[in-house]
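Add chain B to chain A, keeping to what the hints say.
As they're listed, the protein sequences go chains A and B.
Here our numbering is used: the first residue of the first sequence is 13, the next is one more, and so on.
Here our numbering is used: the first residue of the second sequence is 67, the next is one more, and so on.
Derived from the structure by calculation, the hints contain no laboratory data.
Please note that the accuracy of each hint is not assured.
[Unchecked claim] In the EDC-like style, the derived pairs of lysine to aspartate or glutamate whose C-alpha atoms are separated by at most 20 Å in a straight line are:
1. A/LYS83 with B/GLU237
2. A/LYS79 with B/ASP212
3. B/LYS197 with B/GLU208
4. B/LYS197 with B/GLU151
5. A/LYS79 with B/GLU173
6. A/LYS83 with B/GLU173
7. B/LYS197 with A/ASP282
8. A/LYS79 with A/GLU68
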Amino acid sequence: MSPETSRPTTIPSAQVATTTTREEPWTAPVEPPLTVIEPQRGWALPNIRELWRYRELLYFLALRDIKIRYKQTVLGVGWAFAQPLLTMGVFAIFLGRMAGVGQGVEHYPLFVFAGMVAWTFFGNTINTAATSIVANERLITKIYFPRLIIPLSTIGVALFDLILASGLLAVMAVGYGVWPGWSLVALPLVVLMLAVAAAGVGIFLAALIVDQRDFKYVLNFGIQLWMFATPSLYLPPETFSDSARWWLPLNPAYGLVLAFRQATLGESIDLYAWGVSSTVAVVIAWGGVLYFRRVERGFADTI
Amino acid sequence: MHPAIRVTNVSKRFRLGSGGGSALNLTERLLSVVRRRPETRSEFWALRDISFAVQPGETIGIIGRNGAGKSTLLKVLARIVEPSEGRVELRGRVGSLLEVGTGFHPELTGRENIYLNGSVLGMTRREIRRKFDDIVAFAGLEPFLDTPVKRYSSGMYVRLAFAVAAHLEPEILIVDEVLAVGDGDFQKRCLGKMREISLGGRTVLFVSHNMAAVRAFCSRALFLANGRVMVDGTVEHAIRAYTTSGAEATVARDLRSHPGRVSRHGALMSEVRLTDALGTPVSVVPAGGTLAVRVKFAVPTGPIRPVLGVVVRDHYGTALFGLNNRWVPNAWFEPICAGWISCTYPCLPLQPGTYSLDLWLANENEDIDIVMDAIRFDVIAGDFFGSGKLPHPSCGPVLVPATFHCQADQPGDAA
Chain A
13 MSPETSRPTT IPSAQVATTT TREEPWTAPV EPPLTVIEPQ RGWALPNIRE
63 LWRYRELLYF LALRDIKIRY KQTVLGVGWA FAQPLLTMGV FAIFLGRMAG
113 VGQGVEHYPL FVFAGMVAWT FFGNTINTAA TSIVANERLI TKIYFPRLII
163 PLSTIGVALF DLILASGLLA VMAVGYGVWP GWSLVALPLV VLMLAVAAAG
213 VGIFLAALIV DQRDFKYVLN FGIQLWMFAT PSLYLPPETF SDSARWWLPL
263 NPAYGLVLAF RQATLGESID LYAWGVSSTV AVVIAWGGVL YFRRVERGFA
313 DTI
Chain B
67 MHPAIRVTNV SKRFRLGSGG GSALNLTERL LSVVRRRPET RSEFWALRDI
117 SFAVQPGETI GIIGRNGAGK STLLKVLARI VEPSEGRVEL RGRVGSLLEV
167 GTGFHPELTG RENIYLNGSV LGMTRREIRR KFDDIVAFAG LEPFLDTPVK
217 RYSSGMYVRL AFAVAAHLEP EILIVDEVLA VGDGDFQKRC LGKMREISLG
267 GRTVLFVSHN MAAVRAFCSR ALFLANGRVM VDGTVEHAIR AYTTSGAEAT
317 VARDLRSHPG RVSRHGALMS EVRLTDALGT PVSVVPAGGT LAVRVKFAVP
367 TGPIRPVLGV VVRDHYGTAL FGLNNRWVPN AWFEPICAGW ISCTYPCLPL
417 QPGTYSLDLW LANENEDIDI VMDAIRFDVI AGDFFGSGKL PHPSCGPVLV
467 PATFHCQADQ PGDAA
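Okay, chain B solo, but in the shape it has when bound:
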C-alpha cells in the first residue's frame, strides 16, 4: 500500500533581507547593481532534510517549539510555499485548514460566506449545497444567515467559520493548531470534531502545542527542532523529547538579539534577570517562593512611561497567567529613557516544572518591544500552602490558595 503522505528530504530556505522580506525597492536594487556590492542577505533554513511517511488512516501530530519549522512544514504540505529541495507525494484529495474563515468577507452575509469559504477550501458547489443545512445547524446561526458577517459577534463569526471547515471531507487533512483558539466551548467543539475526523479513517496531520490534544488524537508524533525531525515515533516518546529539550534555565539572558523578539522597533529591552526576594540571581525557585523579573531597557527616541508585561507559560507553551503594571493600582511610573523595571511575584503559585516568560515593554498603551520565550526557569517543590504537604502534580501547573469551611448538620434541622 502506498503511503498517503510521503515526504523525502524536504528543505526550505528563506532569505532574510535587511528590512525583513524582500523590501528592497527598485531604487535600492538599482543602487546595489551600481555599487556592485553583493546583496548582504543571510539565509535561514526553516526545514532541513525532512523525511517521513504517513500511512492512510493514520493521525500524526507534529510538535516543537515556536520557530522549529512546524508551520513551514505545514505550508509546504499545503502547497502554499514551495520547498527549496526535496519532494512530497500526497495521495488523495488534500484539504488544509491553516485558519478558520479563510476568504470570509465582512460585507457578505453568512449564507454567501458559506459558499465562498467552502469554495476556497476546495468544496464543489454541489457539495456545499448538500451540506448547507448541516453547516448551518452546526453553527446554530439560522436566524442570522442573511445578516452580513460584519454584524456578527466574534464568537458567531468563529462558529460559522469552523462549521464550514468541519464539513470539509478530504482524504488527507492538514490542520494547524490555530484551530484550537477561541473560548473554551469552541475549543471543545473543535477538538471533538478533530476526534471524529481522526476516528473516521482519514489521514490527518495535526500541528499543535497542545500535548493533551496530540495525546488524544494522534497515533504517532514527530518532534521538530531547528527545522529537523528529532523524533519520529510514539506520541509519548516525542512528547518526552519535547519537554526535556526545554530544560535550560538561566539566571539572566541577553535580549539584544533574542530569536523570540516579535516587535519591529528594535531591541529596546536589553537584558532580563531573575532574582529572589533578596536580589540574589536565581534560576530555580521553590513553589511559593519569591521571583523577581528584572528587565533592563533603553529607549533612544525619548522618555517613556514604562509598562512591563509578563506572561508565564508552561513547557507546552500554554499561557498560565500574566499581567502588566497598567492593571495594578499605583504602579504608574514617571517617564524615563532608560533603566530597570521589575515585576515581583511574592508567592510564586507554580508546581514543579520548567516555565518560560514572555516579556512586553510598552509606553503607556503602546507596545514597543516584545520578546516571546525570553527566559526559562525551573520551579522545584515547595511548601506552598504552609502545611508541610506537597501538592500532587496532576492537579495542574497552578496553585491557588483558598479557604475551606465545613458545617455539620445540626440534629433537628430540616434538610
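Chain A with its partners taken away, still in its complex shape:
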C-alpha cells in the first residue's frame, strides 16, 4: 500500500449528489417549524404548547424517579408508608395521649394519619422539586427542553407514594369503622391543589437554589417548621378561635390538609378554608413559575 492511498480525503463529493435520492422533506407542502433564538428580557409566561409537546419527557422522567426510588432502597414501597406512619405515631403518643390534644377527636391516630398522608405528599413534592434542577445538572447543560419539566416531573414520585399511603389510610379507616361520604368526590381536586401549591413553592425554590445553594440547607428545616405551622395536622378545627379560622387558610397547607382529611374520612368539607387555601396555592404557583421562567435562561451558565 502506498502511503498516499491511506489519506482519507478521497470520499468523493460526487457521491453526495448521487445518493441523496431519499424523499426531499424540503419540497413538502408543510413548512418546517421555525425556531427563533434571541436574548429574552424581563418576564416570560410559561409556554403551555411547548410543555404539552414535551409531555412524554415529563412522563419518562417521573417514571425514572419512581423506578429508581424503589430500586435503590431496601425498604422499597415501605417508604411510602413509613414516613406518615412514624410521624403519626409520634403525634398520637405525645400530642394525643400525653398532651391530651386528641381528647375531642374520636379516632386521633386516624385523624393524624389522614393529615400526614396529605402533608407527606406536600412536603416531599416541595423537597424533590426544589433540588431537582441541581440534581439534573447533566441534562440542563447538555440538551434543550422546557426546564419546567424537571420540577414538574418530581410530582410523580410523591403522587405514587400518596396513592400507596391512601390505600393504607383506607384500610385503617375501615378498621376504625369510618366510611367516606359524598365529600370523597372532591378528593381529586384537593390533591390537585396540593400539587399546585407544592409544585409552585418547589419551582420557586428550584430556581433560587441554582443561584444560591444556601437555600438547600434551609430546605428541610423550613419544611419541618411549616409542618408545625400547619395546625390542621394535629388539632381539630374546633379548637381554634373564629378569627384564627379566618386567617389560618392563608397557609395553603392548612386548608388543603384539612380538606383532604374531611374528604377521606367522610366529613363535610370546610369550603371557606378550602377555597382560600386553593386561591393562595394558585397565586403561589403563578409566582413561582414566573420567577422560574425569568431565571431559567441562565441555568446552563450558572449551574
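Relative to chain A, chain B alone:
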C-alpha cells in the same frame, strides 16, 4: 429557499467571577452591597458577531482551537445557553447531540434507558417503539436489555448510548466531536453513521478537531478563532487557515497566567523551557533530535514528590504520545517544594510540523496542575533513521524505528 440555519450577529458574553462562575454566596453578596464596591467581575466574549447561514441538506464543519468558541456556538444553537446578542433561526426539527447517553441512569435497565434517553433527545414514544428493535440490533446488546446499565462495561454503555443517538432523525442535526470518543471500532462506527446522515439529505452542523472527519463529511467549514468567524468557505480553505494559525513556536513560555490551565489549585507550574541536548534553548527541533522539556514549579503548601506528565499533540489537537515519570523505572524523585523537573526525548520521533505540549504536574498520584497546549514547537526534517533518506510526510506524524528481515525461499522447500 430559506436556509435551514441562519445565524445573525450572535454574541455570547460570560461574566467571570472571582471564584469561577457565580459562586458568590448570600453573605458575600450582602457584604458587597454594604461595602458599596462594584463587583469586580470581568467579562469574556466567547462569541463575537457570528453570522452565517446553512442551506438545507448542507453539512458544515466548525473547526478551531480549544477556547475558540466552538462549544459555545453549539450550545447556543442547541438552545442550552442563550445568546447575549443576535438572532438564530432554525427551520425544521432540531436534534442536538452534545454527548452520548444524556439522561442515562445507571440503575435503570438497557430497555428503560433506551426509552428515557430517546425521550430526552426529543423522540416520541411511538417513534422509539418503532425503532426499538433497530436500536437494540445496532448496539448488539439483546441479551443484556434487562440488565441495569451500571453492570455494563463502558464499551457496552457507549454502544447503547450511541445506538439511541444514531436513530434520531431530525431535519437539523447538531453534533459535537465528543461523539468521536471511545475505542477505534466505536469511532469508526460513529463516523460511518455520520457519513450516512450527511449523505441522507439532512442539515448537519459538526464541530470537530478531527480534520479527516471534517474533510470526509463536510461540504463547507467555518474556522473560528477568539469567538469570531475567521474563514467561512471550502473545507480546504478553512483547514489551511486553522493549521497555519498555530505557527507560533517559542523557546520558553510563562505559565503563570496561561489560558490553557484547567486545574484549580492555582499556577504551580510557572515556566516551561525547551532545550536541546546541550541545554541550548530551541523552538525548532530536527526529526530524531533531542528535545528536553524543562518545567519550573513551586508548591507553597509543602513538599511534593514531583511527577511530570507530557502529552504531545499534533496541530489538529490529536494526542500522539505522552508519558510521566511514574511509568518510567527509577524516576521517583525526593520530595521538594520548588525546582525544575524535566523530561527529555533523546530521539524525537516526529515528522516535520507544528506540535504542542500538554503539561501535568502531580504529587505522586494526585494531579495538582494541568496546562493544556502549554507551548508549541516546530519539527523540521531530519535524518531520523540514519539512512540519509527523509521519510515521506504522508506516512503519519510519528516515526517508529523497526527492524526488517527477509528470507528467500530455498530451492526444494515445500511452500
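Here is what the structure says about each hint:
| no. | hint | verdict |
| --- | --- | --- |
| 1 | A/LYS83 with B/GLU237 | violated (38 Å) |
| 2 | A/LYS79 with B/ASP212 | holds (14 Å) |
| 3 | B/LYS197 with B/GLU208 | holds (14 Å) |
| 4 | B/LYS197 with B/GLU151 | violated (39 Å) |
| 5 | A/LYS79 with B/GLU173 | holds (9 Å) |
| 6 | A/LYS83 with B/GLU173 | holds (7 Å) |
| 7 | B/LYS197 with A/ASP282 | violated (52 Å) |
| 8 | A/LYS79 with A/GLU68 | holds (16 Å) |
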